[in-house]
Amino acid sequence: MMERVSEPALQTLPQRDNSLLIVFAIMVVVLVAAPFVTYPLFLMQALCFALFACAFNLLIGYVGLLSFGHALYFGWASYVTAYAAKAWGFPPELAILAGTLTAAVLGVVAGALAIRRQGIYFAMITLALAQMMYFVAVRAPFTGGEDGIQGVPRGHLFGVINLDNPTAMYFVVLVIFLAGFLFIHRVIHSPFGEVLKAIRENEPRAISLGYKTDRYKLIAFILSASLAGLAGATKAIVLQIASLTDVYWPMSGDVVLMSLVGGLGTIFGPVVGAFAILSMQYKLAFLGEWVLVIEGVIFVTCVLLFRRGIVGEIANLLRIKL
Amino acid sequence: MTTIFGVPTMALFGQILIGLINGSFYALLSLGLAVIFGMLNIINFAHGALYMLGAVTAYLLLNYAGIGYWPSLIIAPIVVGCIGIVIERVFLQWLYKLDHLYGLLLTFGLALIIEGVSRHYLGSAGLPYTLPQSLAGGHNLGFMFLPNYRAWVIAVSLVVCFGTWFVIERTKLGAYLRAATENPSLVRAFGINVPRMITLTYGFGVALAAFGGVMAAPIYNVSPNMGSELIIVVFAVVVIGGMGSILGAIVTGFGLGIIEGLTKVFFPEASATVIFVIMAIVLLVRPAGLFGRGT
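These protein sequence lines are chains A and B, in that order.
When we follow this note's numbering, the leftmost residue of the first sequence carries the number 1, and every step to the right adds one.
When we follow this note's numbering, the leftmost residue of the second sequence carries the number 323, and every step to the right adds one.
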């Protein structure tokens with residue numbers, strides 16, 4: 001049943017080895033040049049969401065697990081990073097590390113619970129656990145309730161690089177994003193990643209071949225949660241705020257939408273999707289509540305007509321793997 | 323004043339009553355989800371939004387057409403049920419051959435659309451819905467005060483829940499439904515119009531949600547956000563109970579409502595999270611759910 005999640009991956013496309021490399025090179029060039037033509041703050045935010053979507057896509061696209069609660073890791077990492085930087089005076093690298101580790105720990109607990117059920121139940125459990133931790137965030141004193149944690153200092157990276165300089169901040173975010181992106185690429189193309197894909201295609205068969213699939217699923221879950229946490233932690237330093245929005249269920253919905261629009265199970269899809277959805281939210285912000293309606297319409301359209309997503313469709317057209 | 327475990331009985335029974343009311347809505351919604359999942363293999367994320375739409379319909383009927391609570395109790399579920407039938411025909415019927423997850427994603431999109439439109443026209447704040455005169459007031463039972471409307475909500479929910487159980491488990495129509503859940507192609511071979519049954523099942527499940535929405539309107543006010551908060555709790559209820567059994571969904575719904583009410587008395591800080599904690603414990607102890615079969 002699971003294999004239908006990722007139609008593009010199923011097709012035996014003639015693989016051109018260098019296509020991934022070319023597209024990656026184009027992406028890097030565009031992202032290095034981008035801050036000189038566009039608003040850097042928007043780009044930094046988009047890169048954080050792109051990493052968040054890539055982390056989410058690692059689960060849905062390559063293990064076939066739909067987590068509907070990824071705001072939990074993004075939001076809590078964001079809170080811990082913001083608190084560590086502001087209240088404890090952590091330097092940015094340690095604050096981000098603290099946030100990422102928090103997400104990893106939450107991923108261990110939530111993952112261990114959620115993988116006890118499959119398919120649709122997995123999605124409901126992850127959503128419910130995220131909602132629980134949302135209520136905890138509402139009540140916990142350190143999160144600042146409705147106000148969130150504001151005015152988080154960006155500080156000096158490794159004590160040298162002043163992150164209050166937008167260009168420096170941008171390139172730090174870009175390095176974090178690229179590191180996360182390449183890490184995910186490495187995971188997917190490792191022997192471990194092959195087992196994950198085998199689980200996605202046919203879990204009973206993977207079990208019968210002797211793989212302890214629960215262990216693989218849990219490790220993939222923890223990796224995904226940690227990377228989502230890295231994205232949330234970086235976002236807290238970039239935007240200098242952590243708030244309830246980051247940990248609430250619409251955030252989980254947004255990351256699903258970004259990956260779906262870009263293309264589930266494609267490595268570049270979530271990046272394209274994140275930039276597309278975030279641009280839309282910025283450009284159409286004046287429409288108020290209609291943005292929600294438009295997002296809903298995009299969801300429906302993607303599921304009915306456009307299941308490969310933008311990158312998936314392009315890859316299919318050019319008959320390459322992206 | 324009489325007390326139990328140091329808590330005044332008035333407060334204790336009052337919270338149990340509120341728990342039972344919440345439980346009624348958990349039961350009505352998880353029942354609808356289970357029936358829909360059985361036939362359509364889709365988890366209806368829009369269930370909460372359609373529950374809200376039931377309440378909104380009742381509000382609009384009262385304030386713009388002068389139609390009161392009693393007719394709304396019939397009209398709103400029919401209106402929302404018809405919307406459900408349109409949704410099934412236009413969107414959902416194309417998904418049955420795909421992975422279940424696509425159904426969740428599509429209905430999540432529908433929920434966003436319904437909620438966004440409602441928020442645009444009604445605002446995010448709650449709108450008061452006047453209690454019908456015939457159900458105002460209440461009775462002093464000696465150990466607690468029982469408002470008539472709350473007693474009515476609990477009684478009607480129980481009747482509707484067990485009515486649904488009876489139809490599904492004890493009538494011929496229900497037998498067709500259960501058979502079509504087990505093996506649609508075989509039932510089709512016997513000359514029963516299964517696609518129409520699927521459409522009507524979705525319409526019925528959604529109408530149940532709208533019915534709950536109308537009943538909730540005088541208690542919680544009508545607000546566009548009322549559905550999304552509720553549906554996530556109902557998902558946890560469904561994970562706890564498992565979707566295999568109708569009776570299980572009803573018992574779990576009411577039971578968790580009562581537990582939530584008791585938590586409000588003894589440990590108020592945890593009242594918002596207690597159902598999720600129970601879900602985690604059930605996953606550890608009985609992963610298939612209390613009444614579940616398989617995964």
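Read the hints as simulated data drawn from the structure, not as lab findings.
Check each hint, because a few of them may be wrong.
[Claimed, not checked] Simulated pairs of lysine-lysine, DSSO-like, Cα-Cα distance not exceeding 30 angstroms:
#, chain 1, residue 1, chain 2, residue 2
1, A, Lys321, A, Lys212
2, B, Lys494, B, Lys419
3, B, Lys419, A, Lys321
4, A, Lys197, B, Lys494
5, A, Lys197, A, Lys86
6, A, Lys212, A, Lys197
Given the hint that A/Lys321 pairs with A/Lys212, does the C-alpha gap stay at or below 30 angstroms? holds (29 angstroms)
Within 30 angstroms, alpha carbon to alpha carbon, are A/Lys212 and A/Lys197? Given pair A/Lys212, A/Lys197 holds - Cα atoms ~14 angstroms apart, limit 30 angstroms.
Checking one constraint from the list: CA of A/Lys197 to CA of B/Lys494, max 30 angstroms. Satisfied? violated (45 angstroms)
If you draw a straight line from the CA of B/Lys419 to the CA of A/Lys321, is it 30 angstroms or shorter? At roughly 25 angstroms apart (the allowed maximum being 30 angstroms), A/Lys321 and B/Lys419 satisfy the hint.
Pairwise hint evaluation, A/Lys86 against A/Lys197, where the allowed Cα distance is 30 angstroms at most: violated (41 angstroms)
What's the verdict on B/Lys494 and B/Lys419, does the C-alpha distance respect the 30 angstroms limit or exceed it? holds (28 angstroms)
In summary, the structure is inconsistent with hints 4 and 5 from the numbered list given earlier, while agreeing with the others.
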